[in-house]
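Chemist: One-letter residues, chain by chain:
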Amino acid sequence: MDTQNINLLEGREKQVYEKTAGGAEIEIACDKTSLSGSVSQRACVFCGSRVVLYPVADAIHIVHGPIGCAAYTWDIRGAVSSGPELHRLSFSTDLQEMDVIYGGEKKLYKSLVELIDQYQPNAAFIYSTCIIGLIGDDIDAVCKKVAKEKGIPVLPVHSEGFKGTKKDGYKAACHALMKLIGQGSTEGISKYSINILGEFNLAGEAWIIREYYEKMGIEVVATMTGDGRIDDIRRSHGATLNVVQCSGSMTTLAKDMEEKYGIPYIRVSYFGFEDMSKSLYDVAQHFPDRPDIMEKAKEIVRDEIRKYYPEMQKFKAALTGKKAAIYVGGAFKTFSLIKALRTIGMSVVLAGSQTGNKQDYKNLKEMCDEGTVIVDDSNPVELSKFVLEKEADLLIGGVKERPIAFKLGVGFCDHNHERKIPLAGFIGMYYFAKEVYESVMSPVWQFAPRKGGLR
Amino acid sequence: MTTNAPTMTAKTATQNACKLCNPLGACLAFRGIEQCVPFLHGSQGCATYIRRYLISHYKEPIDIASSNFNEETAVFGGSHNLKLGLKNVSQQYKPRVIGIATTCLSETIGDDVPMILKEYEAIMGGAANLPVMIFASTPSYSGTHIDGFHAAVRSAVKTLAVGGAKKNLVNLFSGMISPADIRYMKEILTDFGMPFMLLPDYSQTLDGGPWAEYHRIPPGGTPTSAIADSGCASASIEFSSTLEASKSAAGYLEAEFGVPRHQLPLPIGIKASDRFFAVLEELTELQMPEKYEDERRRLVDAYADGHKYIFGRKAILYGEEDLVISMAAFLREIGVVPVLCASGGKSGLMKKRMLELIPDLEEQGIEVREGVDFVDIEHEAERLQPDMLIGNSKGFTMSKKHDLPLIRIGFPIHDRFGGQCLHHLGYRGTQELFDRIVNTVIEERQKSSPIGYTYM
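Residue numbers (this note's numbering), protein chains in the order written: chain A, 14 to 468; chain B, -6 to 449.
Read the hints as simulated data drawn from the structure, not as lab findings. Among the clues, some could well be false.
Unchecked claim - Derived lysine-lysine pairs resembling BS3-like cross-links, with alpha carbons at most 30 Å apart: (1) B:Lys4 <-> A:Lys123; (2) A:Lys45 <-> B:Lys87; (3) B:Lys301 <-> A:Lys398; (4) B:Lys4 <-> A:Lys163; (5) A:Lys45 <-> B:Lys76; (6) B:Lys4 <-> A:Lys403; (7) A:Lys320 <-> A:Lys45.
Said to hold, decoys possible - Which bits of chain A does chain B cover? Going by a derived footprint, with three or more residues having C-beta under 8 Å, they are: (8) 39 to 50; (9) 67 to 79.
Using N, Cα and C, we set each Cβ at its ideal position, and we do this for glycine too.
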């Protein structure tokens, strides 16, 4: 691939790599802030915090700042709740010019008191945005005061947009959660128990996962944060094991809990038959004194795969030889996607992420076939070039990547926080394959200019 | 969990905002200038969130560059990042125009963007080597997306327009309307045989065809040469009820180059459309083309055919102030009562302008509320018991909860397909709106009637 042709910006050369036979082994540059003017697909620190904490459904989430940050995140996630739905409301202090000049603490205090009185939540998360970091509102003090007055946890989340990347937002969210953990009673929690971390219950995915573990005879103390409840989080330090998916977002919390409460953690993925099965076995292995747990895990895997296998074969027959491009938030997700795509006969020609780390990219290089492009923190110009040059039949990404695919006549599958179809678990793999099949095989692409449809 | 809302005057926090932020409007307007890349001076997140939001409505790629502030930038100023960003985006996108808008962050640290742009020009060897830079100050802590939209349009004109001998040319500043409405406006002006400059024109950039390759900047948009000519136009028409001359492009052209400004409400409904066509007739000294007489006749006919279904129906109307004002006047001319006319905007002019169009506003019990959010509106809905909601997709939650039909208009429409193709303006747009309102009422009747209303 001629990198000159794709017009890579100066400073981004080392973030793009093509795996070739005998090609140079470069270390992919990552963990950098986005280049100014590069039209990165990334968001900001606030986004990271909001994503992680969003599904906590019995807390109110208040964005302290001007209206934009709250308006653009109002009910955009696919995280569902089995009970309260406070997370789907959008609260903001909606700072005005005078607040910026004289400080927003009073407005924050009044807003908090008013919203807590109105909605009676079990906790409140206060997100500080760019401007708060500048004007220096002491949100910790306000939160402390209101917590005392109202008798509920009021948790500051230091998510000023410019203070790092989305990953720093994850950390800020984990710190806020850490303040809750340890506050509740752990009485009655089984020693065969886990917390599910980094699972956000998009389209009910956490319920699917939870059911598998419960069928195995394992108690799920808290899911963080899918279908999240404050009381569950408060007692989650009573669990025996932390099971971490979406490792970029929640490993910080798992590590902190390990350090403070001695709870070990394992990394898993719930995407694709292969990784889903492994995540059940890995958990079962953690309880060797109960062989029935492993037996049950095997039974679930057997039954579930049997259930979906015939349909999957149909999809595979149609999709074999088709090519996919992946550009998602976290790199860990990419590993699972590559495996999942292989089970339906598809190869991967582009594997990229917004926030992968060195180890992630190293693993990716090992996993990928020759000719695959690996990219960190890409942008629409690069992505569209790769998709076209590699003749991808499918792009997997989020809402911002979707129009790139459709404009160019390429199938698309949404694998972001906004999706409304569950892709986790065995049934999730079925939905995934079905969606991929429906998009890739659609007759509409015959009219795409790249397929000769240009008149 | 209780939902007893406190009295609205005591409310401090905004709950489910009925507005968006300033930079979004600027980015949208910049997308309506030919070969222009919008550029936000601030955090990466602002550009990304705004892109994401616009994509869900327009379903088109929307590339917005960012100067991507970090902690250092916030402390020491955004000059370096802005210059680097401009250089990078120029290299990658090869734009002829860059539309730069500020965010709350760059505004608060007090970056002097015009000065930075001058420095950048000097470093790069002068303006001739560079894309045109249009700068709009759009702090998100004041106003709403509409203010950012108008600020960007005004800046474009201020940057590019030059005076000179008057030409046979009309400027149309149509405001934040749908791509379909823009196309219709262009059709009308073309049919009048009047040379025109319409700004911004995102009818193609945000509603175009498929591509064989990625267009870094989609084709379409108002050419800069046309914007330059706007100072020589014989008149400007500006759709807005609340926009003050000091904040408007047409106001600038009038003050600077003596181009007369015709400020008109968005032409929704027969009366407002008549007003618009009357101005066109006056400016062109031509009669309205027969085609539009036909559209008008069909609309009057439809009003008669459908009037009984909707007379006295109550609607809650919300959205941008200008849209709400014009929609309310239209609803009155078909017999619907917009019991609440609400906006997150706060021009302070809404009621005054509405009274000019709806003199019996108070007798009809029509409430006009500025600066409201959706929790306010929902609270009012419980009291007012409307038959329908009319506004953007953000009313969906309320509509579902209270089992009220929602007629989607304006922006954003992100839970339905084809929001960018909806007509609102002129006789044709009014016809579409009228049909949808009547059909909504009929659908409700069908649902609740044992007979079923199978024939009319």
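Chemist: Could you run down the list of hints and mark each one as holding or not?
Modeler: For each hint, the structure was consulted:
With a C-alpha separation of about 9 Å, the suggested pair B:Lys4 and A:Lys123 falls inside the 30 Å cut-off, and the hint holds. Taking the CA atoms of A:Lys45 and B:Lys87, the gap is about 25 Å. The hint holds against a cut of 30 Å. Proposed proximity of B:Lys301 and A:Lys398 is contradicted: the alpha carbons are some 57 Å apart, above 30 Å. Using a Cα cut-off of 30 Å, the hinted pair B:Lys4 and A:Lys163 holds, with the two alpha carbons roughly 18 Å apart.
As the CA atoms of A:Lys45 and B:Lys76 are separated by approximately 19 Å, the hinted pair is consistent with the 30 Å bound. As the CA atoms of B:Lys4 and A:Lys403 are separated by approximately 55 Å, the hinted pair breaks the 30 Å bound. Distance restraint check for A:Lys320 and A:Lys45: the Cα-Cα separation of roughly 44 Å exceeds the 30 Å cut-off, and the hinted pair is therefore not satisfied. Residues of the stretch 39 to 50 of chain A with a Cβ under 8 Å from some Cβ of chain B number 5, which satisfies the need for three, so the listed coverage holds.
For the stretch 67 to 79 of chain A, the stated coverage by chain B is satisfied: 3 residues place a CB nearer than 8 Å to a CB of that chain, which reaches the threshold of 3.
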